[in-house]
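Colleague: These are the residues of each chain, in order.
2 protein chains.
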Amino acid sequence: MPTIVVDVMPKPEILDPQGKAIANALPRLGFTGFAAVRQGRRFELTVDGEVTDEVLAQARQAAEDLLSNPVIEDVVNVAVLDGTAAEGQNA
Amino acid sequence: MPTIVVDVMPKPEILDPQGKAIANALPRLGFTGFAAVRQGRRFELTVDGEVTDEVLAQARQAAEDLLSNPVIEDVVNVAVLDGTAAEGQNA
Chain V
1 MPTIVVDVMP
11 KPEILDPQGK
21 AIANALPRLG
31 FTGFAAVRQG
41 RRFELTVDGE
51 VTDEVLAQAR
61 QAAEDLLSNP
71 VIEDVVNVAV
81 LDGTAAEGQN
91 A
Chain A
1 MPTIVVDVMP
11 KPEILDPQGK
21 AIANALPRLG
31 FTGFAAVRQG
41 RRFELTVDGE
51 VTDEVLAQAR
61 QAAEDLLSNP
71 VIEDVVNVAV
81 LDGTAAEGQN
91 A
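Protein chains in written order, with our numbering: chain V, 1 to 91; chain A, 1 to 91.
Where hints are given, some of them may not hold.
Unchecked claim - Below, a sample of chain A positions facing chain V; criterion: calculated Cβ distance under 7 Å:
#1 E13
#2 L15
#3 Q18
#4 P27
#5 F31
#6 F34
#7 A35
#8 R38
#9 Q39
#10 G40
#11 R42
#12 L45
#13 T46
#14 D53
#15 V55
Note that these hints are calculated values from the structure, not bench results. Glycine is no exception: its CB is placed at the ideal position from the N, C-alpha and C atoms.
Whenever a hint applies, use it, and build me the whole structure from the sequences.
Modeller: The structure is reproduced here in C-alpha cells:
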C-alpha cells in the first residue's frame with residue numbers, strides 16, 4: 001500500500017534541547033563534521049487505496065491539525081514515498 | 001550550510017503506540033483515507049563546510065551509533081537535503 005511521509009521539525013526560533021544534546025555528543029564520539037543538529041518527527045501514513053489529490057489534501061490537513069503543533073513546529077514535507085526514492089540526493 | 005537528513009523509524013515488528021494512537025484519532029477527526037500510521041524521528045545535521053564522502057560516512061555512522069537504537073529502530077534514510085528537493089514525489 002502506498003505511503004505518505006509527513007516531516008515535522010521544530011521552528012527555527014524554538015530551542016531544541018534534544019538536538020542540542022546530540023550536537024554536543026557528536027564530537028565526543030569522534031564525529032567532528034557537524035555544526036548543529038535539530039530533531040523532529042517523521043510520520044508514515046499508510047494509504048488505504050490509491051493516493052488521490054483528495055488523500056494528499058487530507059494528509060496535509062492532518063499534518064497541520066494533528067501531527068504537528070503549529071505554535072512550535074513546522075510541517076516541512078508532505079510527500080508520497082515511493083519504494084526507491086529518498087529525500088534530496090541519495091546517500 | 002548544507003544539511004544532511006537522517007530518518008529513523010521503528011522496526012516493522014516493533015509496536016508503535018504513538019503511531020497507533022494517531023491512526024485511531026484520524027477517523028474521529030474526519031480523515032478516513034489512512035490504514036496505519038508509524039511515528040519515527042527525523043534529524044537535520046548541519047554540516048560544517050562541504051558535504052564530502054567522509055562527512056556522509058560520518059553521518060551514516062552517527063545515525064547507527066547515536067541517532068538510532070538498532071534494537072528497535074531502522075535508519076531508513078541518510079541523504080543530503082537540497083533546498084528544493086522533497087522525498088519521493090513532491091506533494
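Colleague: Next step is simple, just say for each hint if it's right about the structure.
Modeller: Going through the hints against the structure:
no.	hint	result
1	E13	violated, 15 Å
2	L15	violated, 15 Å
3	Q18	violated, 9 Å
4	P27	violated, 11 Å
5	F31	holds, 5 Å
6	F34	holds, 5 Å
7	A35	holds, 4 Å
8	R38	holds, 5 Å
9	Q39	holds, 6 Å
10	G40	holds, 5 Å
11	R42	holds, 4 Å
12	L45	holds, 5 Å
13	T46	holds, 4 Å
14	D53	violated, 9 Å
15	V55	holds, 4 Å
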